[in-house]
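A.B. asks: With these hints in hand, go ahead and build the complete structure from the sequences.
4 protein chains.
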Amino acid sequence: MSNIFTLPELDDLRMSEAARPLFEAVKRHIAENVAPITEEYFRLGEGRTDRWSFAPGQLELLDAAKAKAKAAGLWNFFLPDDETGQGLSNLDYAYIAAELGKSPLASETLNCSAPDTGNMEVLERVGTPEQKHRWLEPLLAGEIRSAYAMTEPDVASSDAKNIRTRARLDGDQWVINGEKYYISGAGDPRCKVMITMVRTSDEGPVSQQQSQILVPIDTPGVEIVGPMHVFGEDHAPRGHMHIRFNDVRVPRENILLGEGRGFEISQLRLGPGRIHHCMRTIGKAEVALDLMVKRGSSREAFGRSLIMLGKNLELVSRARIEIEAMRLIVLKAAKAMDVLGNREARVWVSLAKAMIPEKTCQIIDQAIQLHGATGISQWTPLAELYHDVRHLRFADGPDEVHHMVVGRHELGLH
Amino acid sequence: MSNIFTLPELDDLRMSEAARPLFEAVKRHIAENVAPITEEYFRLGEGRTDRWSFAPGQLELLDAAKAKAKAAGLWNFFLPDDETGQGLSNLDYAYIAAELGKSPLASETLNCSAPDTGNMEVLERVGTPEQKHRWLEPLLAGEIRSAYAMTEPDVASSDAKNIRTRARLDGDQWVINGEKYYISGAGDPRCKVMITMVRTSDEGPVSQQQSQILVPIDTPGVEIVGPMHVFGEDHAPRGHMHIRFNDVRVPRENILLGEGRGFEISQLRLGPGRIHHCMRTIGKAEVALDLMVKRGSSREAFGRSLIMLGKNLELVSRARIEIEAMRLIVLKAAKAMDVLGNREARVWVSLAKAMIPEKTCQIIDQAIQLHGATGISQWTPLAELYHDVRHLRFADGPDEVHHMVVGRHELGLH
Amino acid sequence: MSNIFTLPELDDLRMSEAARPLFEAVKRHIAENVAPITEEYFRLGEGRTDRWSFAPGQLELLDAAKAKAKAAGLWNFFLPDDETGQGLSNLDYAYIAAELGKSPLASETLNCSAPDTGNMEVLERVGTPEQKHRWLEPLLAGEIRSAYAMTEPDVASSDAKNIRTRARLDGDQWVINGEKYYISGAGDPRCKVMITMVRTSDEGPVSQQQSQILVPIDTPGVEIVGPMHVFGEDHAPRGHMHIRFNDVRVPRENILLGEGRGFEISQLRLGPGRIHHCMRTIGKAEVALDLMVKRGSSREAFGRSLIMLGKNLELVSRARIEIEAMRLIVLKAAKAMDVLGNREARVWVSLAKAMIPEKTCQIIDQAIQLHGATGISQWTPLAELYHDVRHLRFADGPDEVHHMVVGRHELGLH
Amino acid sequence: MSNIFTLPELDDLRMSEAARPLFEAVKRHIAENVAPITEEYFRLGEGRTDRWSFAPGQLELLDAAKAKAKAAGLWNFFLPDDETGQGLSNLDYAYIAAELGKSPLASETLNCSAPDTGNMEVLERVGTPEQKHRWLEPLLAGEIRSAYAMTEPDVASSDAKNIRTRARLDGDQWVINGEKYYISGAGDPRCKVMITMVRTSDEGPVSQQQSQILVPIDTPGVEIVGPMHVFGEDHAPRGHMHIRFNDVRVPRENILLGEGRGFEISQLRLGPGRIHHCMRTIGKAEVALDLMVKRGSSREAFGRSLIMLGKNLELVSRARIEIEAMRLIVLKAAKAMDVLGNREARVWVSLAKAMIPEKTCQIIDQAIQLHGATGISQWTPLAELYHDVRHLRFADGPDEVHHMVVGRHELGLH
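Chains as they are written, first to last, in UniProt numbering: chain A, 1 to 414; chain B, 1 to 414; chain C, 1 to 414; chain D, 1 to 414.
Take these hints with a grain of salt, some might be off.
Copies of the same chain look alike in the list, so a pair counts if it fits in one copy or across any two.
[Claimed, not checked] Quick list of in silico lysine-lysine cross-link-like pairs, DSS-like style, CA-CA up to 27 Å:
| hint | residue 1 | residue 2 |
| --- | --- | --- |
| 1 | Lys-161 | Lys-311 |
| 2 | Lys-294 | Lys-311 |
| 3 | Lys-70 | Lys-294 |
For the record, the hints were derived by calculation from the structure and aren't laboratory data.
C.D. replies: This is the structure in structure tokens:
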């Protein structure tokens, strides 16, 4: 048996020469077009009266940056296919994503935001011409946004057998009933469609009882109950919505790939999606370490700079060590996807997903501690970073499930 | 030298017989008068239009519960003096505070909320008759609330030498200039006065350069810049306010105890205040463990209840072990304050403060992980508990400073 | 249901007035009679030629200290019964045991060494007059030593169902076959008898299939295969022996209490035995912290004393905090045994056993790190302490089993 | 400034094509020539009467394996220079060293044991023709062994200023006085020479006060006081010796490179030496994980295999994750040495050294815990592995010093 941990093909972690100009262009775009608008974008947001719409001027700022990116060819490069995007390898994308993770707006300006990236990838690979025309084209153009409705409130969603939202065929229509929550972005006025995971059968193999269906968000019966909070924040206007499906009817042809193929589609999106999250998380860890060093070097207590007091310098060292370890792991997982394909690289993906959000939370937490109260205030991005990354420890499969995948694989090696 | 770790006088950790009826009455009050209104109180709050006032009905609910507590004699018992309160020992209060920590409203219904408790205690001990008449009486009656303005944004406030807000005498008035932040409760419409830590001299011993001054919140020049966030939440309407003092003038007699005695007053309040926080934190850890067990027992994945999967049961055990260890430590620190006085018990207080918020954060975090996304939603109190307790790791002296106190004391033992 | 964590009867952790003179006498005995001979005792041992006997002079030193202890009435006080010992409560014994743990010889000079204490306690409670005469009397007199043969090499001994050594009745004799290992003290030339756990039946309730039988160590068929190492050390001449029972025949009346009552006897000894270990472990943690502070204060690097570099002072603080927490937990577990009895206090015992060796290992390990290479040399007791306490993490039930007991109990509370 | 963490030149971690046949040959050699003799070698050792010599047959076994390696060209390949060895890059050597770390004898059979490798490297680079003839040639031939005398018992040796052993010129001779300890291998009857770090001046820059001198071990005045223990073991017959230098006289020309250049030489050896240790440590971590999985899969308790109980499977996953992270870090540090040179790669070396022994200790410790008492016995290599790796946490600079290097470098980046 080939051992995925000793394959020589996975040891070259270099960015391709072809990707380097893109990598440099993205960094330049962030520095020149995104960083300068970030503060104003959020300040505008604070002043709005209707929390569930954007403030005047916000989308204009964003759209201007999007236009610049598009004009520079920095657009949709997440798609690993030559015809619809720039066909980056996962490895090349990893380097870029780590940069994107450092900025709260960069991804969107490049049309590379979750969950749109995953949704576009799925549509690109399995969509019918009609589905592509109606949904993929405006998504690729950055004109609309989308959501992915998977998680349900009443069950341990790490075990897929538990999906309870049901769709049954009634003539030419799927009739959907059930409840989903933490549907990120579904509050955004630009969000037009949800890819929805449903149960379409109780029989046959467990992995063939689910399907994925396109549901326009304005379909009658789609009830947005309200926003779920993330540690007290609702992230309006995009939100993480709690949604009920009350006899929601969509045409039969809105199903993706076919009945009973919901899991198959999940496999398609989850590997890259999880790795994208991890890649961006490395960037967030870098931001936290950077803030920690800056703050610690500029403040004094007891006659020394904070960073030289007690264990602080060792924490800086440990953070740097962990960041370099995480970076190498995520690069290698990306390389594994490139070389082995999503299925065979599955254990490498779980390995990265189980490692990176947990360690990054610790680094951000230490940066917070060094800042004192300012560390949890709106004056630094640390609290927001913490919430993002803490959330990731149970999104897309909790740490525990990924450890189970890695552990079981290890038993199989012996 | 007597060793504070081997004094036999500190080994009896029993609640006094005299306090037991009060302890039982408080538990009954929470169950009968507080628990039933809690959900409605917060639901009312969600619906309000002006975030910086209470919603109609909220204060009425609270006042009714306060009236019941007052009628039952459950009022102001935090004051360790017979004439103005029930004269509880710190040890007896510890048992009660752990119960209070389990409820977000209980403390206030008993007039036992921070920072009012500390402010009342200070006024009771060092206030002039006039100061007591004007501020202590309505505080003891639960008619007004108060704030404590100590932390400053621009300095490492764990080193007291750094206080920069200044007061200078101009005739019969103190003129105050400076900036404070995270002034909890200063947004509450009922908050009428702030005890404000200021620098009144640059000469003499460092510990005699500060003073504490009573500043009515409506004094001209008190500029409430806005709320500081705690992990994205502003906790309106009470808030944690950012305040500027622009030539704020108050009468000379508003000083507490006398010029240069600011630290002396701090010593008075900080020991008990820190222990009160720790006591309540034990209650919060109990809530988290309770939720963890309940959730873990009621959900299934992979054919077993969640609590029996992987490391979960061991986490429950470790949480219980830590809770019992924390409880004993806080009881012993309280006993030390009773037997040795605040000054001599200082190391015991630091020991508890360095231990309890850190470990409790871990327990709450594990409870969150077991809940999945629900754990960070508004559907459980876990996110709010986490923020409270995480905040405590740098409030009233960061963990690191308390470890320094304990460590230096240990060196002194050898 | 009564909650063992909130019983007021367990909150008074004071040593009894009656025990204090004994406590002080033991401390004096260690200082005056044990400390002065310790170095010589071990130096003599190093020079011996036959590793499996004592060096000339070693036992004489020990016997002289034993004689002093006996003359001073400091003898057999572990026995919780008035007629044969001093009837100490577990709580009182806890205070003394923490002192014993600081010295490698103190326990033996007081006839309080494991496993003799447990063996004597069992014989005292369930032995026949004949068994008492033959074995208990010389043990109580400190004339012989004994072993406890429970652990087996081929099975996970934390699950008692796994015991494979068998005894079958053949006329008036038990015939024993099987294999035991890590039988501590069985190499000691003074060791005369082993209490041996055997399987006597495969039927009936699992907890009634085992028995305990007295086996004189010189019985034909008892084959001492050799010493088991503990991290490379064989601890000659006492040793941790690997023993085979090859058709070992002992009289029928050598059974303790009766056939099928092996577990019942285990319950008797394991609670106190585990707590005794934990008590002594607190003393070892104190020794490690003491050495850490002494070394760190007397060495310099980079212009500061070691203890003031980096995280060292915080480690000292954390060690002190953990030691105080462990001390309180073990005192409370001892109190629980006194008040509730062994069976009801079982969860408290597991709680202490799961907590204390693990945390103490960390403290000793940190003390080692601060000493550099000297920390693992024969020039400090740290390496030996580490091995002792590390061993304890799987002796008498591994941490994991004790966490399971605490965790399951917690589920039962809800 | 170039950032050592983002240099594209360091991202290709592939073994060179040229090295792969060597890598495969080494694995084959270990499997065919070393593994089969390992058990017998140690069994022979146990039976010897003089602990400070080898048992009859031991060296013969070893020499036969060495002869096979030599014949196969697997000899001295650690030397990064074409004329005297096979000129492996550090990266290529890293892959091989991880294999060597899995076997206690493999390194020696390939003439790749510490400290001989470092000593040969130093002699090869800075030795005079005469020094090379007398010492390097027999070392390269595997005919003699050597020691490196640096660490001193009375000072914190992580700060080089503290070296106290002195050498003064007296005519044509260096006269050396002082004390060294933990001089590994100096008890080996084959050890003929020590490279000795001494202070030759108290003036001038601190980094030019030391020198390194070749001292034949049979020089009059070299007093081997005795073996230092490593957690109770003396590792006879090689030992870790405590040595006094009493007016030891060696010819003036025994100095290496020149007076005051001791640190310069240290820089030469320490980088690769530390990385070699880390590389081998990865192999040890693999052994521990392998044993953990095998044991856990073959034992049962409570009706399940051990590995499926509680947190065990997650520990397996975490060990695998850490091993892969460590492997990538050590490969990248090796690559950095190849690309940047020892001096510029210094931070990468410290980063690996601070990370790998600490994490590996945890993995071995967990493997021990799963084995129960067998885990610390002579029946598995775990106890020995633990001691080796634990020792490494303060050998060649304690973790704390390496964290200081990484931390200070990080401050410099900002």
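A.B. asks: If a hint holds in the structure, say so; if it doesn't, say that too.
C.D. replies: Quick rundown of the hints versus the structure:
no., hint, result
1, Lys-161 with Lys-311, "between (46 Å within a copy, 22 Å between copies)"
2, Lys-294 with Lys-311, "both (16 Å within a copy, 20 Å between copies)"
3, Lys-70 with Lys-294, "neither (34 Å within a copy, 51 Å between copies)"
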